Amino acid sequence: MKFLTVDVGSTYTKLTAIDAEQRVILGTAQSFTTIESDVMQGFENAWRLLTENRPDNPCADFKYDQMLVCSSAAGGLKMVALGLVPDLTAKAARTAASNAGAKVVKTYAYEISGGEQQEIFDINPDLVLLCGGTDGGNKEVIIANAKRLVAIDRAFTTIVAGNKSATDEIREIFREAGKDVVITENVMPQFNKLNIEPARDAIRQMFIARIIEAKGLNRIQAMTAQKIIPTPLAVLQACELLSRGTSKQKGRGDLLAVDVGGATTDVYSMASGAPTVDNTMMKGLPEPWSKRTVEGDLGMRYSLTHVFEQLPEYVCSDKEYIQRVQAWVELCSAHPDTLAAPDSEEERIEEFLGRSAVSLAVERHCGRIAEVYTPLGEMHTLEGKDLMNLPTVIGIGGVIRNSRHPEEILKGSLYDIMRSECTKPRNPKFYLDKKYIFASMGLLSMVDAELAFELLDKECVALG
Amino acid sequence: MDKKTVVIGVIGADAHAVGNKIIDLTLTNSGFNVVNLGVMVSQEEFIEAAVETNASAILVSSLYGHGEIDCNGLREKCDEAGLKGMPLFVGGNLVVGKQEFEEVKARFMAMGFDYVYAPSTPIETTIVDLKNKLGLE
Numbered sequence: 001m002k003f004l005t006v007d008v009g010s011t012y013t014k015l016t017a018i019d020a021e022q023r024v025i026l027g028t029a030q031s032f033t034t035i036e037s038d039v040m041q042g043f044e045n046a047w048r049l050l051t052e053n054r055p056d057n058p059c060a061d062f063k064y065d066q067m068l069v070c071s072s073a074a075g076g077l078k079m080v081a082l083g084l085v086p087d088l089t090a091k092a093a094r095t096a097a098s099n100a101g102a103k104v105v106k107t108y109a110y111e112i113s114g115g116e117q118q119e120i121f122d123i124n125p126d127l128v129l130l131c132g133g134t135d136g137g138n139k140e141v142i143i144a145n146a147k148r149l150v151a152i153d154r155a156f157t158t159i160v161a162g163n164k165s166a167t168d169e170i171r172e173i174f175r176e177a178g179k180d181v182v183i184t185e186n187v188m189p190q191f192n193k194l195n196i197e198p199a200r201d202a203i204r205q206m207f208i209a210r211i212i213e214a215k216g217l218n219r220i221q222a223m224t225a226q227k228i229i230p231t232p233l234a235v236l237q238a239c240e241l242l243s244r245g246t247s248k249q250k251g252r253g254d255l256l257a258v259d260v261g262g263a264t265t266d267v268y269s270m271a272s273g274a275p276t277v278d279n280t281m282m283k284g285l286p287e288p289w290s291k292r293t294v295e296g297d298l299g300m301r302y303s304l305t306h307v308f309e310q311l312p313e314y315v316c317s318d319k320e321y322i323q324r325v326q327a328w329v330e331l332c333s334a335h336p337d338t339l340a341a342p343d344s345e346e347e348r349i350e351e352f353l354g355r356s357a358v359s360l361a362v363e364r365h366c367g368r369i370a371e372v373y374t375p376l377g378e379m380h381t382l383e384g385k386d387l388m389n390l391p392t393v394i395g396i397g398g399v400i401r402n403s404r405h406p407e408e409i410l411k412g413s414l415y416d417i418m419r420s421e422c423t424k425p426r427n428p429k430f431y432l433d434k435k436y437i438f439a440s441m442g443l444l445s446m447v448d449a450e451l452a453f454e455l456l457d458k459e460c461v462a463l464g
Numbered sequence: 001m002d003k004k005t006v007v008i009g010v011i012g013a014d015a016h017a018v019g020n021k022i023i024d025l026t027l028t029n030s031g032f033n034v035v036n037l038g039v040m041v042s043q044e045e046f047i048e049a050a051v052e053t054n055a056s057a058i059l060v061s062s063l064y065g066h067g068e069i070d071c072n073g074l075r076e077k078c079d080e081a082g083l084k085g086m087p088l089f090v091g092g093n094l095v096v097g098k099q100e101f102e103e104v105k106a107r108f109m110a111m112g113f114d115y116v117y118a119p120s121t122p123i124e125t126t127i128v129d130l131k132n133k134l135g136l137e
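Just so you know, the sequences run in chain order A and B. Read in order, the letters of the first sequence correspond to residues 1 to 464 in the numbering used here. Read in order, the letters of the second sequence correspond to residues 1 to 137 in the numbering used here.
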């Protein structure tokens, strides 16, 4: 059995050829794709590179038995999420959409305003996730938001995962307006009980049903019997597999994976995040063991200015150096294809900015611990995941893989005494996904988990 | 589905967990849908939980003597969050020292609480008031 995995990206289409008998990755190839050009063109170029007739190319006469495809083409799966209270159902909605592989452009709480309706019109999302209220809880806000959503003149489908007592009315609102709606289980059926899988499945179903055609992926879909899934979902599946292992192979346990791209930074954690400090009370919404967050304002090219603007003052007191950093940021923002020369100051600036993006993204992903002095002595409260004892941090994709010093960038994930409330890993080992195979292995895991795990385990190498 | 929802919790930096469990159990057995926020609960958490679950009342416990500081402003925040007229109950060891309970009660009523209970009041007393207030009996 030979597999070909295809990752149709916004900038690159990446192919991976896998031989299941020899249990190896035969080769990988990538080619430039632009949003304007046809997806097929990117695929055909990459295929030509993969099977090029050059000496020592093991893929020169490669033929595959099965093809598996994931996509983040045309901006990926763009969503907005709506909930009621920011820290409760709005956060649950965001978590569900992120875990389904969507890029959540914005999350709204309470009844949205006319201005926010206009904002959603401008964002023009592929899908909208509408939540709010526990089952039997508040109905008014989710119903009001349903009415506001149908009034937005865009073709998105709405997935409703809120108070079940409001669903009949909501279905009626969408039916009358002639708008598409899918109703599934509440993301928070009881107070502080998270139930994101049904919403996550509904989003994946809608991605297959509606988005593939809209994003020009139908020709590539016609080449395979397997359904195309969003790329971040494939990466999430690979992280889950590597952490958990299979029935025959032992997984690597708790881990964190970071992918710094040109426009966004993705963070995946596979960990319960239970408190590592004694006398700690858990606060806020419980988090899923497998969690993805995506930071739309942190990237190494299209959003580099935001990374620069958010640098904390204490990272560098040398004003001249900061000016040189700023010049580099401006250059990269204006010309996203700029690359730093090896062993130049620019290369070190690039690593510094990469480390800062990782630092901010992991900070937002992990939990917050606070000391509280009570008559019973010192106690702690923890909101989110405590990752301080996490043993493994993996760099995947983008800048980390292209850098000559990936561990310098991954150091951004470390616990920082200046931000001691953030429960980032204190002493992890760093690993690197050298061949960029996480998305590919996430796809492969759906048909051959043992092989996918074996290859991931082999290719995910320790640094330093 | 017709069960009334009540939000309970121990306010402030107070970690007394035992009474909270007893209140949870007794209210549940009396037919309420209980949203128990546990111990060390902030005013904001009470309000957010009440908004999301469409609660009919908030029951605040305070055992460690700082209740007056912790509870002040809860009514105003409720008003701000759209929970105007939300029935507020408070009980426990609300203040330190030997103070006349009637005076303590008057101060908590002035803060906007509807029912204020002296130390060692059984939860059954509160349940009678709660049912009256919500028109359940």
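Hints may contain errors.
DEER-style ranges, computed between Cβ atoms [stated by the list, open to error]:
1) A:E371 / B:V18: 19 to 29 Å
2) B:V18 / A:E119: 43 to 53 Å
3) B:T26 / A:P375: 18 to 28 Å
4) B:G135 / A:E213: 48 to 58 Å
Straight-line distance between alpha carbons at most 35 Å, and here's what the computed DSBU-like set of lysine-lysine pairs gives [what the hints assert, rightly or not]:
5) A:K147 / A:K63
6) A:K434 / A:K63
7) A:K147 / B:K133
8) B:K21 / A:K139
9) A:K139 / B:K133
10) B:K98 / A:K139
11) A:K164 / B:K105
12) B:K77 / A:K147
Calculated Cβ distances over 10 Å to all of chain A for the following chain B residues [unchecked claim]:
13) D14
14) A15
15) G65
16) A106
17) D114
No wet-lab data here; the hints were simulated from the structure. This structure is a prediction, so every number in the text was calculated from the model and none was measured. Yeah, the Cβ is synthetic: ideal placement off N, Cα and C, and Gly gets one too.
Results for each hint:
no.	hint	in the structure
1	A:E371 / B:V18: 19 to 29 Å	holds (24 Å)
2	B:V18 / A:E119: 43 to 53 Å	holds (48 Å)
3	B:T26 / A:P375: 18 to 28 Å	holds (25 Å)
4	B:G135 / A:E213: 48 to 58 Å	holds (55 Å)
5	A:K147 / A:K63	violated (52 Å)
6	A:K434 / A:K63	holds (24 Å)
7	A:K147 / B:K133	holds (34 Å)
8	B:K21 / A:K139	holds (29 Å)
9	A:K139 / B:K133	holds (23 Å)
10	B:K98 / A:K139	violated (46 Å)
11	A:K164 / B:K105	violated (40 Å)
12	B:K77 / A:K147	holds (28 Å)
13	D14	violated (7 Å)
14	A15	violated (5 Å)
15	G65	violated (8 Å)
16	A106	holds (25 Å)
17	D114	holds (22 Å)
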